[in-house]
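**Student:** The primary structure of each chain is shown beneath.
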Amino acid sequence: MLGQSLTQFADSSSSSGIGAFNINLKSFIFQLVTFVLVLLVFKRWILPPILKTLDDRQKTLEDSLTNAQQTEETLRKTEARVAETLQQARTQADAALADAQAEAKKIITAGEQKGEEAAKRVRKEADSFLQEQSQELRRELRDELVTLVAQTTAKVIEQKLTPEEDMQLIKNAVKVLPNE
Amino acid sequence: MNKVSRRELAHYAADQLLSDVSGSKVAKQLAAVLVSSQRADEAELLANDIAWELESRGKFTAAKVTSAHSLSPSLRKQLLAAVKQATAVEAVELEEFTDSAVLGGLRVETAVHSWDETVARRLNDLRGVI
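Note that the protein sequences, when read in sequence, are chains A and B. Position 88, counted from 1, in the first sequence is what our numbering calls 88; the numbers after and before it change by one each time, with no gaps. Position 111, counted from 1, in the second sequence is what our numbering calls 111; the numbers after and before it change by one each time, with no gaps.
Treat the hints as calculated values from the structure; they're not laboratory data. Quick reminder that beta carbons are idealized off the backbone N, C-alpha and C, glycines included. Incorrect hints may appear among the rest.
[Unchecked claim] Residues from chain B that keep clear of chain A, each with C-beta distances beyond 10 Å, as calculated:
(1) 6
(2) 7
(3) 12
(4) 17
(5) 21
(6) 31
(7) 33
(8) 35
(9) 51
(10) 60
(11) 68
(12) 86
(13) 91
(14) 93
(15) 117
[Stated by the list, open to error] Covered stretches of chain B (in silico footprint by chain A; criterion: 3 or more residues with CB under 8 Å from a CB of chain A, positions within the stretch not fixed):
(16) 36 to 42
(17) 70 to 79
(18) 97 to 104
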């Protein structure tokens, strides 16, 4: 019925109105109806899946973007933490190095002091040993000299002491014997 | 069997000798004791102990006199008297020895006493002092 009405409208306007533009009204209406039908079909069955797919993709993209932002934020925080940790580690390492250097210096100083004390002790012992050796040699020399003098004196006395002089010595010795 | 000490033997021997028992008899008795107790090597020490015992009792001493030259008779007589007085014994017997090592003076040794008035001793003392 709609087609019939349209045909009648087309016939009535073929010579006036639209017909003035030399347009086939029937064909136009038919194409219009076809277009509407196609439009309805498209809108009913084709467009929704496409829109849904587009929405899904958009949502996926938004999620990905959000995730990327979160990841970037996390990365930034992690980098900040790493930098902070590195800074702390560097500070601690510097402090430990300074402590180690101070300790090493202390140990070296102590070692030098001990070495110096040991050297002094060795020097002192060597001096003492040399002094003892010197005194021992002097003692030996003196003893030998005394022995030599005594032997020489004995020889001289033996040669020079006459029997008469010896008798006098014996007389003197007899006199000094104690009286009990 | 209890072992008799050397000191006791010397005491016994001195008693016997002072009791006019003959010396040879005492010597035999002592020799028997020493041999039976296997102490024959102590004979010399026992003789010294007897000498010490006799001198300690003021009865007798044998003085060993060492000098570089022989003593003259008069000097020997003086020495005898001096030793007798110094040791306070009734009888003294001198045993003279000549030793040039003493250089001069004399040395007198008895069982109990000893006097060294030699030049060698004085030199030795001098060495000690130096």
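**Student:** Now, for every hint given, state plainly whether the structure supports it.
**Tutor:** Evaluated hints:
no., hint, verdict
1, 6, "holds (26 Å)"
2, 7, "holds (24 Å)"
3, 12, "holds (26 Å)"
4, 17, "holds (22 Å)"
5, 21, "holds (28 Å)"
6, 31, "holds (33 Å)"
7, 33, "holds (33 Å)"
8, 35, "holds (38 Å)"
9, 51, "holds (17 Å)"
10, 60, "holds (15 Å)"
11, 68, "violated (6 Å)"
12, 86, "violated (5 Å)"
13, 91, "holds (15 Å)"
14, 93, "holds (16 Å)"
15, 117, "violated (3 Å)"
16, 36 to 42, "violated (count 0)"
17, 70 to 79, "holds (count 5)"
18, 97 to 104, "holds (count 3)"
When held up to the earlier numbered hints, the structure conflicts with 11, 12, 15 and 16 and fits the remainder.
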